[in-house]
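Peer 1: Add chain B to chain A, keeping to what the hints say.
Chains as they are written, first to last, in this note's numbering: chain A, 1 to 64; chain B, 1001 to 1463.
Hints in this document: simulated from the structure, not taken from any laboratory.
By construction, the Cβ of each residue, glycine as well, lies at the ideal position given by its N, Cα and C atoms.
Take every hint as true, because none was put in to throw you off.
Covered stretches of chain A (in silico footprint by chain B; criterion: 3 or more residues with CB under 8 Å from a CB of chain B, positions within the stretch not fixed):
1. 6-18
2. 21-33
3. 42-54
Partner residues are not named here, just some residues of chain B that face chain A (Cβ under 10 Å, in silico):
4. 1321
5. 1322
6. 1324
7. 1334
8. 1338
9. 1339
10. 1341
The following residues of chain B were derived to be distant from chain A, with all beta-carbon distances above 12 Å:
11. 1032
12. 1061
13. 1204
14. 1365
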Amino acid sequence: MPPPSDLTRVEELARAAAATLGIEVDEAWWPSVAGHLNALLARAATLDAVGVELPEDSAAVFEP
Amino acid sequence: VTPPDGTAVAAQVRAGEITAAAVVKRTLAAIEAGDRAINSFTAVWPERAWADAARVDRMIAGGRDPGPLAGVPVAVKNLFDVAGYVTVAGSRISAADPPAADDAEAVARLRAAGAVVVGALNMDEYAYGFTTENSHYGPCHNPHDGARVAGGSSGGSAAAVAAGLVPITLGSDTNGSVRVPAALCGIFGLKPTYGRISRRGMYPFCASLDHVGVLARSVRDLAAAFDVLHGHDPGDAATSARPPEPVTAALGTGIDGLRLAVAGGYFETGATNDSLEVVGRLAQALGVTRRVELPHADLARSAAMVITACEGAQVHERDLRTRAREFDPMTRDRFLAGALVPASAYVRAQRFRRWYRDQVAAAMADVDVVFAPATPFPAPRIGQRDAVVDGETVATQPYLGCFTQPLSFIGLPVIAAPAGLGDGGMPLGVQLVAAPYQEAVLVKVAAELEGAGLSVVVQPAAR
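One chain only, chain A, in its complex shape (with noise of 0.2 Å):
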């Protein structure tokens, strides 16, 4: 994916991903579906600012 900050790419890779999954999205929803996208993304970049090696093994976090 592009950065976060390219908005206009964004909706264009999403509008693809889209088409692939089979999502029809209306074209009046396309603006707040780009901006919730682009809001999600810029967030998962944010982890890689913490600075350390993140644990390989992404399990749960209590285990039963």
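Peer 2: Frame of chain A, contents of chain B only:
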């Protein structure tokens, strides 16, 4: 007149001072008279309530013990299965589903303890929201000011208790959906440790983060409900195998020896003054002087948002493909965005979660309970999209969870306790946070605050 809490009702019923049927009659009348103004119920089930009450009254007449919640009227967020009724989960899409065949495990445990189920409660569609402004069933109004939201997504669960319609309700909490509405409506809310209470028969939102929670008028009601609800269930793979650890015995035992602290850093900014000041006021009253910083809480919130969007979208993938127009617009666009997030982002958020858990465990290693704000501001107006905090404009809806998300993200047990009224006469809350499986110490501290008159449910003024 202050409505009785569930424990008081159960005591009367068990003592034969009032029948469960009489309690049902009173409760249905209260809902009929009081819910028009707040829209907390989406369904009322008199026939079910009468049947439950009759069962309780027969047991008492026969000299048998109906359980600790004998005759206590309860209502459940409308994402819990109740046998014979459709689980709508705040949606129109699921309203076309067949009725549930069985009670959800949590509902079954309440009934087995003598509770009487009277109806289902309003919520954000599929639990994706913090305000219960549901376009299908209408917004839930805050009993303290009908022009303001009740919080969400368990808004109906909080409003019904705050308005005195029922003393105990079930909610669910993925990012704050019990604690936010409890705080905004001025009542108690318990989100136990992840895996403490079975989610079998609860419509899923985000399995990694979903918890069953309880909302009530008193700490003893939270404790009584937790005691009957928690415990292993093979029907929910996430439930803990730990043996039951009831907390009612912790009531009134005081807080001697407990190590208390106030959450610093992230939890000291980004909120209105009165939302932050109530934390210091309650902590100071208990002599708390320590501060503890939970590192990278801001990133935890970000990771929680990514996981929530991805898992939530996956649950609804089929409907997003075929009937997206039938979703509430408030949730639709976020689910659609979640369906398009790359898997790498989701996995990174899960890896961060595991790392963050260890960081917080280290920070809380020598602390038993941490005080933190519950919400960044009191209940916003219905329809209010923005708010200004610290000179910055924030989106009201998602920002309501800024203090709750970093805690549920790693499954910590939390009680949201009422902390008085802020500017404008609206309730504020405080979060009491403990290490995993330490619900008993939360009950001790909450009961201490309640007993000292520092954390009490304020009856809404007529407006």
